[in-house]
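Trainee: I would like the entire structure built from these sequences, with the hints used as guidance.
According to mature numbering (1 follows the signal peptide of the UniProt record, and there is no 0), the residues represented by the sequence shown are -21 to -1, 1 to 550, in order.
None of these hints come from the bench; they were simulated from the model. Note that the structure is a prediction, hence the values are computed from the model and not measured. Here a beta-carbon is modelled for each residue, glycine too, at the ideal position from N, C-alpha and C. You can take every hint at face value.
Across the chosen pairs, the derived CB separations fall in these ranges:
1. Gly17 - Leu379: 36 to 44 angstroms
2. Pro241 - Phe460: 28 to 36 angstroms
3. Arg522 - Pro496: 17 to 25 angstroms
4. Glu260 - Ser39: 39 to 47 angstroms
5. Ile333 - Tyr497: 25 to 33 angstroms
6. Asp126 - Leu379: 33 to 41 angstroms
7. Met87 - Pro27: 20 to 28 angstroms
8. Arg163 - Asn323: 51 to 59 angstroms
9. Met353 - Gly190: 51 to 59 angstroms
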Amino acid sequence: MEVFRVLALTMMALQPGVAGGAEIVGNSSVGVIEFSVGKFRYFKLNRPFPEEAILRNISSNVTFLIFQIHSQYQNTTISFSKEIVLPNTSGTGTDKGLVFMLRPEQSMCFWYLETLDAEPVQNVAIPLSYSERDPIPGGCNLEFDLDIDPNIYLEFDFFATNIKFAPANLGYARGTDPPPCDIRTGQDSRWRLQYDVYQYFLPENDLTEEGLLKHLQRMAEVPQVTASAIKVATLTANDKTSVSFSSLRGQGVIYNVIVWDPFLNTSAAYVPVHTYACSFEAKEGNCSSLGRVSTKVFFTLFALFGLFICFFGHRFWKTELFFIGFIFMGFFFYILITRLTVINYDVRLILTAIMGSVGGIFLVAAWWRFGILMLCMLCVGLVLGFLVSSVTFFTPLGNLTVFRNDGVFWVTFSCIAVLIPVVFMGCLRMLNIVTCGIIGSYTVVLAVDSYLYTSLSYITLNVLKRALNAHFRGAFTNVPFQTNDFIILAVWGMLAVSGITLQIRRERARPSFPAHPYKLWKRERERRVTNILDPSYHIPPLRERLYGRLTQIRELFRKDQPAGERTPLLF
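Mentor: This is the structure we're talking about:
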């Protein structure tokens, strides 16, 4: 049987197009899949039988191989053995790989692929070769199942995406013993190795399988990774081999780690891993339908309100105060109710809308009764300051190590937020108009994000995550900035500039702010009481008017009396 199998593989190798080109497309229905070093191959796996894969003609200067296989969201199992799949000889997932330490004179490798998914799984795979001078990814694994584990393990939730990997070891020649991992800590041990963590963003709103598998090819080999991806962090052997990132729900992201030997100036790549921070198979809230109906309704109405404030906020002063009070109370109440309770998201959003309305009414009532302009403008300025501070930490400045300390972060954040109303203290009308234009137009950005992904929503969402989750402080908050974001940024800027310009021109000849409402009302009431020539003087008091209205309503339901004389006539 072995002779027939080798003969069949030889015939496959002689077929045109199998061994050439950077990408090889095939189908695993033939039972055996042949690979070439450094060449990607597309193929489909079908349940239930495992497929055999083979790599032949391995060069003698190759010490170890890393075979990696990728799919979008359906799991694939890769194993050294066909009959018995053990945890220390196999791996299952969407991005998995195995390390083959070659024996002397070995020039051929076999491994086995299978899927337990009912539907066919589209995969792309590649074997990569390394020499004895290259470090071995996962060579000092003590945490995961495989003896040598080149995989990156990824976990995500709403707040953060965490990746972790096993430490690497120094390379060694075929047939020799591996260097010890933890006996020595000098420059002649694995402790000299460094790890560069890279992040690569897929095109926004691209959830296609073809797009993912194409971009994964840019993250498999060291030269392509360093040329295409963004280096986020560099870890030493003394650091924990784990990194945290902000979860970007619905946005495809690929992560990889390059281990570098500074003494020999050699490097090797781990198996890249990808995520969309969502599930393709979930019945509700999957990757294809990210926005909840409640979220869309809430932010659509909020955006309409914000557009009105953007262009007419200063003219309709009390309406703007309601808007500012809504933001103030709604933001803090949502943080409080989320941290203290476990109630459903839709209920939390409804309660936030109710309490935000209460906050808006309270601020309007405080202005009507007391008329303290500085207090109201402090609230207005703090809302603008909050957005300015959020934009500041949305830049690479927010990823500085010093701001991973909550105390330093919140003190700096608060100082920037307070600085805005202080700077505008001498021109309150300008502060109010600028706030109306910028904050009102930003609500459109939040509304767009509930329908279509945009990174600009993370300006404020990152701050909300930091307030809700204590572990988010260690996460890198990088986001992609692509065509959609430039368009939405231009729309935001256009709306803000238009709203500010229109209100400045319209309010130029008008008083800066309306007079104290309570004093006007009190003065008007006194005037009506003392001036008998004023027609309003003869208007009955409110209690009598209400009583008259009730009497009229009662008359509507009273039965009509019959017409005619009821008493008998006396003759």
